[in-house]
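J.: Spelled out from the first residue to the last, the chains are:
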Amino acid sequence: MQLWYYEHDGEQQGPVPRDELRRLTREGVVGPRTYVWTEGMESWQHAASVGGLFEQPPAHETPPAPWDKPGAEAPRAPESSAAPRADVPTHLVKAILATLFCCLPLGVVAIVYAAQVRSRLDVGDVEGASRLSKSADRWGNVAIGVGFAAIFLYLIVIVGLSL
Amino acid sequence: MTRSTLTIAAVGVVALAGAALLSLVDPASSRLFPRCLFLQATGLFCPGCGVQRAMHALLNGRVVEALSYNSLAVASLPVVLLGASARLAPARVGQAISRVPAAAYWAVLAAVVTFWVLRNVPAWPFAALAP
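Chains as they are written, first to last, in our numbering: chain L, -4 to 158; chain Z, 2 to 132.
Rather than coming from a laboratory, the hints here were simulated on the basis of the structure. The reader is advised that the hints may include incorrect statements.
Derived CB-CB ranges, DEER-like [stated by the list, open to error]:
hint: 1; chain 1: L; residue 1: H3; chain 2: Z; residue 2: S24; range: 51 to 57 Å
hint: 2; chain 1: L; residue 1: G35; chain 2: Z; residue 2: A112; range: 36 to 42 Å
hint: 3; chain 1: Z; residue 1: T115; chain 2: L; residue 2: V137; range: 37 to 43 Å
hint: 4; chain 1: Z; residue 1: V12; chain 2: L; residue 2: V152; range: 22 to 28 Å
hint: 5; chain 1: L; residue 1: E34; chain 2: Z; residue 2: R36; range: 52 to 58 Å
hint: 6; chain 1: L; residue 1: Q40; chain 2: Z; residue 2: A105; range: 46 to 52 Å
hint: 7; chain 1: Z; residue 1: A112; chain 2: L; residue 2: N136; range: 21 to 27 Å
The beta-carbon is built from N, C-alpha and C at its ideal position, and this holds for glycine as well.
Chain Z with its partners taken away, still in its complex shape:
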């Protein structure tokens, strides 16, 4: 077993355990899940705020509710899953990913920063982006 295989295995186990826990326990009402440190420190939502509730809702089949907690994280799931599978099947998926143009990378950055700013605007319609 190489080091990277071990890393993949460890990440897989942690991800599965986290998903199992998140599907069973509602982070909104359980003290088991911490609140966002950035939110507690600054009073502002970070781009990841609401992701625990969103994943809990998603794992229980409530897609619309999941989107209301953190639409960007839900929308980015396909990218993340594809990227994760690139590690498992480097030859095919990895090649496809290497063809993603630079503009797409900058678009990701723009999306995250825009999302971060807008979800802190306490007015319609941006309030929909807040967790």
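The following block holds chain L by itself, in its conformation from the complex:
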């Protein structure tokens, strides 16, 4: 039986069988934009993009039998390292480049965000990670942008003085 992981309140939940996942969609715990993942998927996806979860109106299904409940399932520990993480970039390399190879230590902020992205992904908080990922990217760009602007101004001044 294929087991599914889903995200709820910023935490990774599961594994649950597919029937249980469908029951959760009917209860509203798993919405169309909730991230879900199962073995074989490359990254976490919105539940809406998973076939069969949202396409049909909820049919009258028999409630999950007791032996079909997640607790009764052969319990496979949801090790966070075993479950894959969504493809959220941490922008760590850009942050390091901005901090060590550019001109202003603003890149340190980007490193802090990058580490937070990675930690969020570890607990399955994909949405939080995506938000922090954007901040990491932005701060890396700001640090590099300010650095390059400073070099450019400097060169203009140098050329101006030598004329």
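Given the coordinates of chain L, work out where chain Z should sit on it, guided by the hints.
T.: Leaving out everything else, chain Z in the frame of chain L:
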């Protein structure tokens, strides 16, 4: 050509041009390279201070001298190059990078902050970290 391909190409060209210029011109004696703004503003070394001289030394094969200018930047080069190649070969390298544990990220932050503080301590042995 997608936008990201263009970005990679642009970054590659700038990096190669910078490396070529840095290998030929000594930033210690040339006015072409600016001094660190943070150093000029505060009188304190930032984590990136000395990186231009370090890269100049490294590009001319003087590894020990490069380490004396900015050991952390030299040490981080493999990480940076690996990360850059992840952009070119996302499938393989990108997967490997996604397995880097969170602890490693926090270790990078700790290393940078520690390096930043210690290189400003004007006493042995920390003075070795100053550019």
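J.: Compare the structure with the hints numbered earlier in the document and write down the numbers of the violated ones, lowest to highest.
T.: Those not satisfied are hints 3 and 6.
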